[in-house]
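As you go down the protein sequences, you meet chains A and B in turn.
Positions 231 to 619 (my numbering) are the ones given, in order, by the first sequence.
Positions 865 to 1191 (my numbering) are the ones given, in order, by the second sequence.
None of these hints come from the bench; they were simulated from the model.
Ideal placement from N, C-alpha and C gives every residue a C-beta, glycine not left out.
Errors might be hidden in some of the hints.
Mimicking DSS-like on lysine-lysine, the simulated pairs with C-alpha atoms at most 25 angstroms apart in a straight line are [as the list claims (entries may be wrong)]:
#1 A:K603 x B:K1087
#2 B:K1087 x B:K1131
#3 B:K1133 x B:K1110
#4 B:K1134 x B:K1152
#5 B:K1175 x B:K1134
#6 B:K1087 x A:K558
#7 A:K310 x A:K269
#8 B:K953 x B:K916
#9 A:K253 x A:K354
#10 A:K558 x B:K1131
#11 A:K603 x B:K1091
#12 A:K354 x A:K312
#13 B:K1089 x A:K603
#14 A:K551 x A:K294
#15 A:K603 x A:K558
#16 A:K294 x B:K1039
#17 A:K399 x A:K421
#18 A:K294 x A:K306
#19 B:K1160 x B:K900
#20 B:K1160 x B:K1091
#21 A:K458 x A:K421
#22 B:K1039 x A:K253
#23 A:K306 x B:K1039
#24 B:K1087 x B:K1173
#25 B:K1110 x B:K1173
#26 A:K375 x A:K603
#27 A:K558 x B:K1089
#28 A:K558 x B:K1091
#29 A:K421 x A:K402
#30 A:K425 x A:K399
Short derived list, chain A residues pointing at chain B, Cβ under 8 angstroms [to be verified]:
#31 E295
#32 A299
#33 A301
#34 S302
#35 G505
#36 Q508
#37 R511
#38 V560
#39 D562
#40 P568
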Amino acid sequence: MRAIFTFILLACILLSPVQAVEKTFVIGYLELESDPRYKERYSEARYRGQPWGRPFDGAKIALKEVRFAAASAGVKFELKRKIVKDDAELIAALDTLISDGAEHVLVDAPAASINALAKHAAGKAVLLFNVSAVDNSLRQKQCRKNLLHIIPSRAMLMDALAQYLVSSKWRKVLVLQGPRPGDADIYQAFKRSAKRFGLKIVDTKPFKLGRDPRQRSRNNVALLTSGKDYDVVFVADSDGEFARAVPYQIQRPRPVVGSAGLVAEGWHWAWDRHGAPQLSRRFLRKSKRWMTAYDWSAWMAVKALAEAVQRTGSTELNVLKQYLLSEKIVLDGFKGYPLSFRSWNNQLRQPVFLTTGNWVVARAPLEGFLHDKNNLDTLGFDAREIKCQ
Amino acid sequence: MKVHRLWLLTVILFGLICALNAEAKDTGYLFVSSEKDHVVTVLDGKTFKKIKEISTADRPRGMRFSPDRQHLYVACGDGDSIDVIDLAKLEVTDQLDVGDDPERFDLSPDGKLLYASNEDDGLLTVFDLQNRKIIAEVEVGEEPEGVLASPDGKTVYVTSEVANVVHVVATDSWKLVDNIVAGNRPRRLALTPDGKTLWVTNEVSGTVSIVDTASRTVTGEIKFKPKGFRAEDITPVGMVMTPDGKTAYITMGAANHVAVVDVATLKVKKYVLVGRRAWGITLSRDGKTLYVTNGKSDDLSVVPTASLKVKRSIPVGRVPYTVVVDD
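If we strip away everything but chain A, and leave its shape as in the complex, we get (with noise of 0.2 angstroms):
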């Protein structure tokens, strides 16, 4: 019996090398040079529910995390990254790196350009991720079949912070809404979540950021504030410049919601369990900033695509492709739950934090809020609400 074992072992040792001829799995990585996200003094403002920085460190430390699994298929991982000026550009690199032989490509770019670029590659044979764009139109009206969505959409992110609100009791909500055309998407994904588990909006108002006296009902928040009565004061502000200044400053002793105070978000580097706290020391490390539900996203797609290879054993396109959207994947994002795509419009499935500047204090789905199928599917838009076209 120990001579077999011997053996085996030996047989093992010997044997090793023949597994280092690995095959070569690119993941194409694309984004835009002119992304205003990115912005140096933007990202150093750090607002709540905005990236801190561009996300690629998160699919670099991801790469490093999956060689075990990558040498146990036989595959060796490798992304090719290429940032592009504008959308025009960003289809010909797309092209390029599908001649280059990616066929599983990460885009970290506004809605409009992912829109764009997933019309262009139709019929290919790509799939690309979605690792930055938190805009319902893409899981709704846009849904495409060769675009995945890893970051949570605005419907999850106001679903998850309208069953905290639910199980506050605190149903009465102010609205404050901004100008963009941002501000009204939040607001419309907030309208929605608040019909859906019974949230009273009470009021809507229009601010400005700016310090003219003659639009002082709309740029001062004690004067926005002090009218009807409510329970909390949600702020609806894409930029986030305006909301950050919102907590403290408003008429009455309530709590802020929504773009400032209590936010809800993909992650958060705050989360202290299920091996969240490693991966976030990982990416504080590498990227010498905390890491934010974009830096999760880049991180989680490449994780996705190798619990793919390495579970099916192929680098098929077509294999994979079948393998992520089907109800056998078990991903692990580090947040508890085993994380799935949805068939009806390709979004990663997930929890999501609801998060203080620096704790987490729920995690949604929360207790008692159920899905007759599963509970993360109270969060988004669900099977019979798409509107895929």
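Position chain B relative to chain A; hints supplied.
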């Protein structure tokens, strides 16, 4: 039997030497590490009264007795040390530097080497206890957790939570000789007494992988279905097997139960309701009592194996992790 007699002899010898400190050996004490208090709580094994809280370095988690049962080793992750508790004095008398962030560890069968998983660095560190130095570092996947030395001393198994594999390390070369693909987030390991089968708990896939140690292949999988819990709540972590190798007890994490598994058929015989997020588990030497640490209710469940019902719940420190019993 032979081992048992030797152990008895040691007890008598020790008793003679430390006549004044007779209670130090075979105390029946329970030791519970709590991650967030940085203490090991000592409880009386019969009355469950708190005897002492032993301060350790930060974040004590994995614990094991030295083979002579005079010391308790405690892996303190944030303190970057393995603290050594003298069981006669009930205090930390030594600290071992086994690299950064040790989480769990095992000892070689002869008790000379300590194998520790370094969670942050993705290493298995081999520490020579006599010469007090690191003799090897083996690079493994990120967040290595479970460490288990085979009884023949030739192999060390290490799980990587991140890479979803069980690494097989040969002790003659300190090299990785194989990576066995397990489920998602493999945590802890247990070997059947004959050493032929390795069990691996997979926290995120909610399963246990059964590995044939000779061929190093996964030959089976156990799934769990405690009543009233959804698939995502079933997060198996801790595991203990009876000395006869017939029964395994597995903690179900967020499903707040312990599964009782028949080893021969791999069938779950029963689920025992314990506290919230049950992780650590140990069995008394006589096999009559199970002790379970519940990380989210900060308590310890005492479960007689005859009734398989919780007899007592004892509050211990914040986020209890490991429990061991000095019987």
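Comparing the hints with the structure gives:
1. In summary, the hint linking K603 of chain A to K1087 of chain B is supported, as the alpha carbons are separated by about 19 angstroms, within the 25 angstroms threshold.
2. Among the hinted pairs, K1087 of chain B with K1131 of chain B is consistent with the structure: their alpha-carbon atoms are about 9 angstroms apart, no more than 25 angstroms.
3. Among the hinted pairs, K1133 of chain B with K1110 of chain B is consistent with the structure: their alpha-carbon atoms are about 12 angstroms apart, no more than 25 angstroms.
4. For the given pair, K1134 of chain B sits about 16 angstroms from K1152 of chain B by alpha-carbon distance, which is consistent with the 25 angstroms threshold.
5. With a CA separation close to 17 angstroms, the supplied pair K1175 of chain B and K1134 of chain B stays within the 25 angstroms bound.
6. This hinted pair checks out: K1087 of chain B and K558 of chain A have alpha carbons roughly 14 angstroms apart, not beyond 25 angstroms.
7. For the given pair, K310 of chain A sits about 23 angstroms from K269 of chain A by alpha-carbon distance, which is consistent with the 25 angstroms threshold.
8. Between K953 of chain B and K916 of chain B the alpha-carbon distance is near 11 angstroms, which keeps this suggested pair within the 25 angstroms criterion.
9. Of the supplied pair hints, the one linking K253 of chain A and K354 of chain A holds, its CA atoms being roughly 22 angstroms apart against a limit of 25 angstroms.
10. Using a Cα cut-off of 25 angstroms, the hinted pair K558 of chain A and K1131 of chain B holds, with the two alpha carbons roughly 22 angstroms apart.
11. Note on K603 of chain A and K1091 of chain B: the hinted pairing holds, with a Cα-Cα distance of about 16 angstroms set against a maximum of 25 angstroms.
12. For the given pair, K354 of chain A sits about 19 angstroms from K312 of chain A by alpha-carbon distance, which is consistent with the 25 angstroms threshold.
13. At most 25 angstroms may separate the alpha-carbon atoms for a hinted pair to count; K1089 of chain B and K603 of chain A meet this at roughly 16 angstroms.
14. Of the pairs offered as hints, the one joining K551 of chain A and K294 of chain A holds, with about 22 angstroms between alpha carbons and a cut-off of 25 angstroms not exceeded.
15. Taking the CA atoms of K603 of chain A and K558 of chain A, the gap is near 14 angstroms; set against the 25 angstroms cutoff, the hint holds.
16. In summary, the hint linking K294 of chain A to K1039 of chain B is supported, as the alpha carbons are separated by about 19 angstroms, within the 25 angstroms threshold.
17. A threshold of 25 angstroms between alpha carbons decides the hint, and for K399 of chain A with K421 of chain A the separation of about 17 angstroms falls inside it, so the pair holds.
18. Pair hint K294 of chain A plus K306 of chain A holds up; C-alpha atoms about 10 angstroms apart against a cutoff of 25 angstroms.
19. In summary, the hint linking K1160 of chain B to K900 of chain B is supported, as the alpha carbons are separated by about 12 angstroms, within the 25 angstroms threshold.
20. The hinted pair formed by K1160 of chain B and K1091 of chain B meets the criterion: a straight-line CA distance of about 20 angstroms does not exceed 25 angstroms.
21. A C-alpha spacing of about 18 angstroms is found between K458 of chain A and K421 of chain A, which places the hinted pair at or below 25 angstroms, so the restraint holds.
22. A C-alpha spacing of about 24 angstroms is found between K1039 of chain B and K253 of chain A, which places the hinted pair at or below 25 angstroms, so the restraint holds.
23. Of the supplied pair hints, the one linking K306 of chain A and K1039 of chain B holds, its CA atoms being roughly 21 angstroms apart against a limit of 25 angstroms.
24. Annotation: proposed proximity of K1087 of chain B to K1173 of chain B holds, straight-line Cα distance about 22 angstroms (limit 25 angstroms).
25. About 20 angstroms separates the Cα atoms of K1110 of chain B and K1173 of chain B, which keeps this hinted pair within 25 angstroms; it holds.
26. Of the supplied pair hints, the one linking K375 of chain A and K603 of chain A holds, its CA atoms being roughly 23 angstroms apart against a limit of 25 angstroms.
27. Taking the CA atoms of K558 of chain A and K1089 of chain B, the gap is about 17 angstroms. The hint holds against a cut of 25 angstroms.
28. For the proposed pair K558 of chain A and K1091 of chain B, the alpha carbon gap of about 22 angstroms is at most 25 angstroms, so the pair holds.
29. Taken as a hint, the K421 of chain A and K402 of chain A pair is honoured in the structure, with Cα atoms around 13 angstroms apart against an allowance of 25 angstroms.
30. At roughly 15 angstroms between alpha-carbon atoms, K425 of chain A and K399 of chain A fall within 25 angstroms of each other, so this suggested pair holds.
31. Restraint check, E295 of chain A versus chain B: the minimum CB separation of about 5 angstroms is within 8 angstroms; hint holds.
32. Restraint check, A299 of chain A versus chain B: the minimum CB separation of about 6 angstroms is within 8 angstroms; hint holds.
33. Nearest Cβ of chain B to the Cβ of A301 of chain A: about 7 angstroms, under the 8 angstroms cut. The hint holds.
34. A cut of 8 angstroms between beta carbons decides the hint on S302 of chain A: the least distance to chain B is about 5 angstroms, and the hint holds.
35. For G505 of chain A, the interface hint holds, the least distance from its beta-carbon to any beta-carbon of chain B being 6 angstroms, beneath 8 angstroms.
36. Because the closest C-beta pair between Q508 of chain A and chain B is about 5 angstroms apart, less than 8 angstroms, the hint holds.
37. With its C-beta approaching chain B no nearer than about 7 angstroms, R511 of chain A sits inside the 8 angstroms limit, and its interface hint holds.
38. Restraint check, V560 of chain A versus chain B: the minimum CB separation of about 5 angstroms is within 8 angstroms; hint holds.
39. Interface restraint check for D562 of chain A: the shortest CB-CB distance to chain B comes to about 4 angstroms, inside 8 angstroms, so the restraint holds.
40. About 5 angstroms separates the beta-carbon of P568 of chain A from the nearest beta-carbon of chain B, less than 8 angstroms, and the hint is met.
When held up to the earlier numbered hints, the structure conflicts with none and fits them all.
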